[in-house]
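Construct all of the structure, not just a fragment, from the sequences and the given hints.
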Amino acid sequence: MLLYVKYMVSLRCKLVVKQEIQKLGLHCVNLDLGTVEVLEKMTDSQREQLSENLMKYGLELLDDKRNIIISKIKGLIIEMIHYSDEIPKVNFSDYLSEKLGYDYTYLSNTFSEIQGITIQQFIIIHKIERVKELLLYDELNLTEISYKLQYSSVAHLSSQFKKVTGLSPSFFKKLKNKRLRNLEDL
Numbered sequence: 001m002l003l004y005v006k007y008m009v010s011l012r013c014k015l016v017v018k019q020e021i022q023k024l025g026l027h028c029v030n031l032d033l034g035t036v037e038v039l040e041k042m043t044d045s046q047r048e049q050l051s052e053n054l055m056k057y058g059l060e061l062l063d064d065k066r067n068i069i070i071s072k073i074k075g076l077i078i079e080m081i082h083y084s085d086e087i088p089k090v091n092f093s094d095y096l097s098e099k100l101g102y103d104y105t106y107l108s109n110t111f112s113e114i115q116g117i118t119i120q121q122f123i124i125i126h127k128i129e130r131v132k133e134l135l136l137y138d139e140l141n142l143t144e145i146s147y148k149l150q151y152s153s154v155a156h157l158s159s160q161f162k163k164v165t166g167l168s169p170s171f172f173k174k175l176k177n178k179r180l181r182n183l184e185d186l
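1 is the number of the first residue of the sequence shown in our numbering; add one for each residue after it.
Each hint can be trusted.
Derived EDC-like pairs: lysine to aspartate or glutamate, alpha-carbon spacing no greater than 16 Å straight-line:
| no. | residue 1 | residue 2 |
| --- | --- | --- |
| 1 | Lys-178 | Asp-138 |
| 2 | Lys-148 | Glu-129 |
| 3 | Lys-14 | Glu-79 |
| 4 | Lys-176 | Glu-129 |
| 5 | Lys-65 | Glu-113 |
| 6 | Lys-173 | Glu-139 |
| 7 | Lys-176 | Asp-138 |
| 8 | Lys-176 | Glu-139 |
| 9 | Lys-18 | Glu-52 |
| 10 | Lys-174 | Asp-138 |
| 11 | Lys-74 | Glu-113 |
| 12 | Lys-18 | Glu-37 |
| 13 | Lys-23 | Glu-40 |
| 14 | Lys-148 | Glu-79 |
| 15 | Lys-148 | Glu-133 |
| 16 | Lys-89 | Glu-79 |
| 17 | Lys-163 | Glu-129 |
| 18 | Lys-148 | Asp-85 |
| 19 | Lys-148 | Glu-86 |
| 20 | Lys-74 | Glu-98 |
| 21 | Lys-148 | Asp-138 |
| 22 | Lys-14 | Glu-37 |
| 23 | Lys-23 | Glu-52 |
| 24 | Lys-14 | Glu-60 |
| 25 | Lys-23 | Glu-48 |
Quick list of simulated restraints, FRET-style, between CB atoms:
| no. | residue 1 | residue 2 | range |
| --- | --- | --- | --- |
| 26 | Asn-91 | Gln-22 | 35 to 41 Å |
| 27 | Ser-170 | Gln-150 | 17 to 23 Å |
| 28 | Asn-30 | Ser-84 | 19 to 25 Å |
| 29 | Thr-165 | Val-29 | 39 to 45 Å |
| 30 | Ile-125 | Lys-65 | 22 to 28 Å |
| 31 | Gln-46 | Leu-167 | 48 to 54 Å |
| 32 | Glu-37 | Glu-86 | 26 to 32 Å |
| 33 | Tyr-147 | Gln-121 | 20 to 26 Å |
| 34 | Leu-39 | Leu-100 | 21 to 27 Å |
| 35 | Gly-25 | Ser-159 | 53 to 59 Å |
Derived from the structure by calculation, the hints contain no laboratory data.
All values reported here derive from a predicted model rather than from experimental measurement.
Quick reminder that beta carbons are idealized off the backbone N, C-alpha and C, glycines included.
Structure (structure tokens):
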């Protein structure tokens, strides 16, 4: 039996899902991006219990096909931007279509209708969050970050960063450094 669970791509979430399934006396065969394959057929009460148990961890058992697709889109984007060493050098639309087995137009329309933003806007938001992380770690300069996240130029990254945050990347970094100095003065 295949279940769909809304969770972030992390080892901790996968372990929680697996443990909760095992508590019900069921056997998890495969845990993948947002999907869990259970060996046995679940009863309605087991499904309800699993749903309640997962909610305690902020995880959600999904039933609606469109919500499942959106959860998978988000998971793939988050995994690609936040957890991959390098973003694949393919077009995001081609990547999502290939991974999910749906036409990009269908994926895009479904995502926009339910989320109220486009897939591209969701990608930009997460890329900027990743830029912030990388700026805070202070291991890469802006040129390296731009290359790592496949921006066409530092100027494009800076423009997008300012549009989303209202700050330039250099000002954002100065704010971080100022906060650190203020903490040291305490």
